[in-house]
Amino acid sequence: MSARRRRRAATEQEEEEEEEEAAEAGSDKEVDLEERLHEVDLRSDLDIPDVPPPTDSTPEILKRALSGLSARWKNWWIRGILSLAMISGFFLIIYLGSFMLMLLVLSIQVKCYHEIITIGYRVYHSYDLPWFRSLSWYFLLCVNYFFYGETVADYFATFVQRREQLQFLIRYHRFISFTLYLTGFCMFVLSLVKKHYRLQFYMFAWTHVTLLITVTQSHLVIQNLFEGMIWFLVPISSVICNDITAYIFGFFFGRTPLIKFSYFLAQHQYFVCPVEYNSETNRFVTECEPSELFQMKKYSVPPLIQAVLGWETVKMYPFQMHSFALSTFASLIGPFGGFFASGFKRAFKIKDFADTIPGHGGIMDRFDCQYLMATFVHVYITSFIRGPNPSKLLKQLLILQPEQQLSVYKTLKSHLVEKGILQPSLRG
Amino acid sequence: MITFFFIIIYLGPMVLMTIVMCVQIKCFHEIITIGYNVYHSYDLPWFRTLSWYFLLCVNYFFYGETVTDYFFTLVQREEPLRILSRYHRFISFALYLTGFCMFVLSLVKKHYRLQFYMFGWTHVTLLIVVTQSHLIIHNLFEGMIWFIVPISCVICNDIMAYMFGFFFGRTPLIKLSPKKTWEGFIGGFFSTVLFGLLLSYVMSGYRCFTCPVEFNNDTNSFTVDCEPSELFQLQEYNVPVGLHSVLGWRTVRMYPFQIHSIALSTFASLIGPFGGFFASGFKRAFKIKDFANTIPGHGGIMDRFDCQYLMATFVNVYIASFIRGPNPSKLLQQLLALRPEQQLHIFNALRAHLAERGGPEEA
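From first to last, the protein sequence lines are chains X and R. Per the numbering used here, the first sequence starts with residue 6, numbered consecutively. Per the numbering used here, the second sequence starts with residue 111, numbered consecutively.
You may find that some hints are simply not true.
Unchecked claim - With a Cα cut of at most 27 Å, we get these calculated BS3-like pairs of lysine-lysine:
no., chain 1, residue 1, chain 2, residue 2
1, R, K220, X, K354
2, X, K354, R, K285
3, X, K265, X, K303
4, R, K219, X, K199
5, R, K393, X, K200
As the list claims (entries may be wrong) - Some chain X residues judged to face chain R by a derived CB distance under 8 Å, without partners named:
no., residue
6, S93
7, Y177
8, G189
9, C293
Hints in this document: simulated from the structure, not taken from any laboratory. Glycine residues also receive a C-beta, built at the ideal position from the N, C-alpha and C atoms.
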């Protein structure tokens with residue numbers, strides 16, 4: 006009996022030792038994970054394994070139709086067909102109006118965000134991090150809420166005034182957005198898990214940089230859109246055109262077709278007028294008196310070009326000069342956005358951002374050159390074209406203290422009288 | 111450090127602004143250095159220059175925005191300043207773009223990933239450090255009390271939570287920081303609220319703290335002189351029935367600002383520590399004990415300021431939402447930039463609104 010007990014004790018001891026070893030090995034594994042991560046960061050690009058590409062999502066129909074061709078031509082055909090599909094889809098949506106365009110921009114933003122975040126997960130093998138997927142989507146929601154609140158409040162002042170709940174949301178908008186963001190931040194801090202600190206911080210930073218890139222750009226695009234569809238269409242077309250023609254012809258030909266395109270657009274109110282919300286019909290309207298920018302003017306051609314072209318004066322829209330600046334930016338700086346994205350893809354060893362569009366890669370692949378264009382157009386408009394937004398100013402005026410309102414009123418009145426806009430004899 | 115703080119307060123807003131600027135640069139430097147150490151990327155081509163260049167760009171953008179708002183008349187007078195302010199956004203954007211293009215051009219074949227990491231690291235650091243410091247300066251311009259009370263509340267909460275934890279601490283608060291306890295947390299909360307009430311009571315009496323900082327064109331210096339707003343005038347409040355018996359007072363004379371200070375202290379006690387946990391997690395993730403070794407015994411500047419992280423944003427959002435209306439001189443400036451028809455439209459709307467209210471005095 007004592008022998009059995011001794012044997013049992015021995016096996017128990019062995020088991021204990023095994024457990025201890027396993028525990029040590031386990032903690033070694035933990036240390037290993039952190040160190041491996043550290044090494045992953047430091048290894049030069051050559052040592053990093055490729056991120057496995059997602060599965061091919063070309064529709065069956067296309068595959069069957071092109072089954073006879075060689076691989077290279079098949080690729081060309083797929084790209085060609087899908088380019089046509091995208092372009093015609095684009096035209097359809099332009100026809101449907103600004104609201105649909107806004108929705109389109111929003112869905113593109115969400116998809117781009119999703120693509121970049123997924124790349125982050127694959128790079129860091131962090132798909133199983135607790136809460137992280139929900140947190141990324143939550144932050145996206147917060148930031149979108151903040152930006153949409155700012156734009157909606159500006160443009161739909163009349164719509165908002167009528168509804169009580171919206172009034173409350175608008176007045177304390179910043180505070181509500183900040184609270185929402187804070188909740189996300191606190192949840193992040195509470196979700197920090199002992200073994201995965203570094204990974205979680207990386208994903209946090211990754212999320213924020215992605216938000217900075219995709220969400221701010223898309224909102225600037227929408228603000229440009231509200232200025233008038235032409236400010237949305239011309240820059241995007243410039244970039245696409247530059248992409249295509251730089252690929253085929255080279256630098257100069259990127260600009261000329263655009264001037265004709267903006268000439269065409271500048272003639273129609275649908276494209277030129279700022280988008281406004283009509284409270285009676287409850288729809289977006291684009292009707293207005295075309296601003297100076299979109300009225301034909303005669304320009305005298307500089308003597309040098311006179312000799313070449315043979316014209317003395319030329320009738321152009323002032324907007325076409327601006328479109329020249331926009332196209333120049335698209336040709337010179339736009340490609341840097343493309344290089345940035347190529348560098349990013351090379352750094353993380355991925356061929357395409359995703360496989361959403363067969364033959365073209367993901368949505369980000371199509372939009373990488375647009376990256377800086379939207380910001381440039383917005384900064385350009387605010388610096389050179391548009392003054393401040395009058396309805397927003399009025400709203401702020403009405404919030405002021407009565408004495409402040411009175412002083413502003415008096416100053417404005419004297420200014421208007423000075424300019425001769427207001428007759429001093431009239432009361433008020 | 112605390113005596114130093116008092117001296118700086120005495121010297122006035124301009125010096126405070128410079129101090130905030132220096133603290134910001136030091137914090138940025140500390141965090142970027144950590145990034146270099148983590149990634150061994152000290153030798154990356156151009157990267158140190160690029161980080162400092164981005165810091166410069168973002169600071170230029172933010173300072174430009176604040177300067178144009180607050181020193182409107184000064185700016186209009188000087189020719190070069192006027193052009194700089196009119197096209198400010200465009201210039202800032204052009205500067206940033208240059209940095210961006212230089213980054214793209216500096217991408218080296220074997221180090222793409224490292225360079226992108228450092229780019230991301232720089233931007234997140236800028237987001238954290240620079241925006242916070244500019245919000246602090248905005249708060250400062252609102253009135254020094256909006257700068258001093260929040261910062262003091264956070265410091266007080268830090269110290270009080272430590273004391274309470276030291277004497278009474280038993281239940282740990284969060285795995286991230288094993289030294290923090292629930293007793294410290296709750297004790298810190300109550301003492302910070304009390305401290306906030308006392309401090310705001312003392313400070314609300316002095317105009318130099320409660321008035322917004324303005325730039326006087328004639329003397330070409332900063333002045334803090336004004337008619338104290340409603341917030342800083344004593345009012346009688348009825349004590350709620352519950353506290354009647356405890357305190358023995360029927361009514362109490364308080365400044366309305368003290369009620370706001372309760373909100374600020376609450377935020378400092380409840381959410382402020384999350385900033386501290388965030389920084390602790392960060393230090394643990396990257397296996398560093400302190401951010402740097404600038405202050406002997408206390409670690410780096412970031413260590414002192416980690417809890418302040420969210421406070422500045424909160425105060426700014428709080429002021430914008432609940433206290434301050436829009437700035438009338440800025441509105442006027444924007445009004446004068448509109449087209450004549452728009453100006454007329456606004457004028458008529460304003461006239462109708464004022465007439466509704468009870469009629470402006472006709473000259």
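So, going through the hints one by one against the coordinates:
1. R:K220 <-> X:K354: OK: K220 of chain R and K354 of chain X at ~12 Å, within 27 Å.
2. X:K354 <-> R:K285: 37 Å, violated
3. X:K265 <-> X:K303: With a Cα-Cα distance of about 17 Å, the restraint between K265 of chain X and K303 of chain X holds, given a limit of 27 Å.
4. R:K219 <-> X:K199: 35 Å, violated
5. R:K393 <-> X:K200: 13 Å, holds
6. S93: Cβ of S93 of chain X sits 33 Å from chain R, so the hint is violated.
7. Y177: OK, holds: Y177 of chain X within 8 Å of chain R, min 5 Å.
8. G189: Because about 11 Å separates G189 of chain X from the closest Cβ in chain R, which is outside the 8 Å limit, the hint is violated.
9. C293: C293 of chain X check fails; min Cβ-Cβ to chain R is 11 Å, beyond 8 Å.
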